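There are 2 protein chains.
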Amino acid sequence: MDQHASVVAVDLGGTTIKAARLDRQGGVEETLRLPTPVQQGPPAIIDAVTAAAGALTRVDTKAVGICAPGLVNSTTGIVHFAPNLGLRDVALARAVQEQLAVPVTLQHDVRAACLAELRLGHAAGIDEVLVVVLGTGVAAGIVTAGKIVHGAQGIAGEFGHIPVFADGEPCACGQRGCVEAYAAAGALVRRYREAGGTADGAADVVAQLGSHEAADRIWTEGMNALGRALVTSTVLLDHQLIVLAGGMTGAGNHLLEPVRRTLQGGLAWRSAPPVHISALGASAGLFGAALHALDTFEPAGSTEHWHRLAALPRIS
Amino acid sequence: MDQHASVVAVDLGGTTIKAARLDRQGGVEETLRLPTPVQQGPPAIIDAVTAAAGALTRVDTKAVGICAPGLVNSTTGIVHFAPNLGLRDVALARAVQEQLAVPVTLQHDVRAACLAELRLGHAAGIDEVLVVVLGTGVAAGIVTAGKIVHGAQGIAGEFGHIPVFADGEPCACGQRGCVEAYAAAGALVRRYREAGGTADGAADVVAQLGSHEAADRIWTEGMNALGRALVTSTVLLDHQLIVLAGGMTGAGNHLLEPVRRTLQGGLAWRSAPPVHISALGASAGLFGAALHALDTFEPAGSTEHWHRLAALPRIS
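Chains as they are written, first to last, in the working numbering: chain F, 1 to 316; chain D, 317 to 632.
Okay, chain F solo, but in the shape it has when bound (with noise of 0.2 Å):
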């Protein structure tokens, strides 16, 4: 990019629409929060998207990423299907382009995620790699020889639906002990509830450890279950870093310790690849949008000063 470009990045949540503007450094200039209309449809969802683009869009705006949930294919920008906005078949990138007179690219929220931490964060020049995105669910990017696995429909990186415990809890996605039932925020939560515990995230559960025995078990059992999907994915991947990224991440050590020990446990004959939780926080999915945004309409190299950066400012 040259001096003054600028590429605008927009991360469509279940809840929340998160954007920013990054300068040619990846410097943030700008950023923005609105609240995602599901209720009110489709359309409403993408006027959310244009509006939050557009109005960060300067004229040396080179491009806009787009990063949402779902089945998302990244080559048409079309959101196949993604249950927790209402979306199906809807062909975000054009609608949004059609408005802006700015090229548009739609990538899925955790392979954006998972490219932010291959360039800027602690998987920068490590081929292979799995990054786990804990939050309401749970999804993961994997790397190998250095490209992010698609998969023969897109779908790859399903993590959170990994079965740890034969004839386990039921998952939402009608399978039976999914990692994602236990270990996931959503399952946290209301694990903890229908023992009793009052909780409104995952956070409330952890500043529970240590004073109710439900909350111990609980969280416990998640860690437990996280381990284990990550000893299978490290068998069949051969992974040489694990990252941990998503909201979750905020119970730093609580979640650490006992996932390190538990994958280490379970790899009897090998060493287990270092876990580290992300450097990028909740901006990691808006960093790689904006990454594939670049790649995609500017020259190879022009985020190249992006990993100069030493320490990454947090967007919302």
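There could be a bad hint or two in this list.
[To be verified] Just a few of them, taken from the derived set where beta-carbon distance is under 7 Å, the chain D residues facing chain F:
| hint | residue |
| --- | --- |
| 1 | Val465 |
| 2 | Ala468 |
| 3 | Gln469 |
| 4 | His477 |
| 5 | Ala482 |
| 6 | Cys489 |
| 7 | Thr548 |
Everything labelled a hint here was simulated from the structure, so no lab data went into it. Small disclaimer: the values here were computed from a predicted structure and weren't measured. For glycine and all other residues, C-beta sits at the position ideal for the given N, C-alpha and C.
Given chain F's structure and the hints, the job is docking chain D onto it.
Only chain D this time, still in chain F's reference frame:
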């Protein structure tokens, strides 16, 4: 390769060394088998591999391709650790090459079989594939975006050590509940004997299906474990095709039917990829070792005619 060129392949197994010379069309010209002298130590194994390759090498032989189990570095040609062979840090490719005046490559046996499936088998032209080799143990070759996954330490594909049952059967690897502890031929035979049955191989267990309750139970548990591990691999990697290879595939529909049922039953939210039995039989490793040698030493495209073989011969 020119009209009269040939390639020699050697499959170094824990009990048998199989070798073949293939012509420029991938046709089998000559084969050879000898016992692996595991008890006599590494020098005797190197000598046996050299003798097998040497006996088949002709003036028109362009390269020798070896495949072996364990932790194998296909770039350096070193077997780092192969417990079944008693090998540790043996520069096998170089040792054989010094004796024969022909270039020699080394590849992991399962990744060699996977390469053969990709070029010559059901997986030809498919980019997202899992090839599970079911023998005394269980391991897999993983293909994403058309490339075989090696992993950080070259030990990706340890499918046999996916933990499928928490606190399940002890596995030789030191973990518990590994798929290999239920679904490998070795485990099936051991478990059937412990239940009072008589079996020398998995085929003897299959022969008792429908007439001996213990055989039915142990086989069903094995297929259930295998199906569950395939669920896990599919949610992580979104395979387009799963190929089952190795000695146990002789079980045919006794293998395919329960595995397909468990796989689809464990994927409530998506369709299951098709599961097929390899058409290459026990020869997949040999064909893959030959392809790897030609890929390394001969110009690209030298094996372009191989896939035209209508029916591949089975070696051995």
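We went through each hint and held it up to the structure:
Because the beta carbon of Val465/D sits about 5 Å from the nearest beta carbon in chain F, less than 7 Å, this interface hint is met. Look at Ala468/D: its Cβ gets to within about 4 Å of chain F, closer than 7 Å, so that hint holds up. Evaluation of the Gln469/D hint against chain F yields a held restraint, the C-beta minimum of about 6 Å falling below 7 Å. Annotation: His477/D was flagged as interfacial toward chain F, and the flag holds, the nearest CB pair being 5 Å apart, inside 7 Å.
Residue-level restraint check for Ala482/D holds (minimum Cβ-Cβ distance to chain F is 6 Å; threshold 7 Å). The closest approach between the C-beta of Cys489/D and any C-beta of chain F is roughly 4 Å, which is under the 7 Å cut-off, so the hint is satisfied. A cut of 7 Å between beta carbons decides the hint on Thr548/D: the least distance to chain F is about 5 Å, and the hint holds.
Violated hints for the displayed structure: none, as all numbered hints are satisfied.
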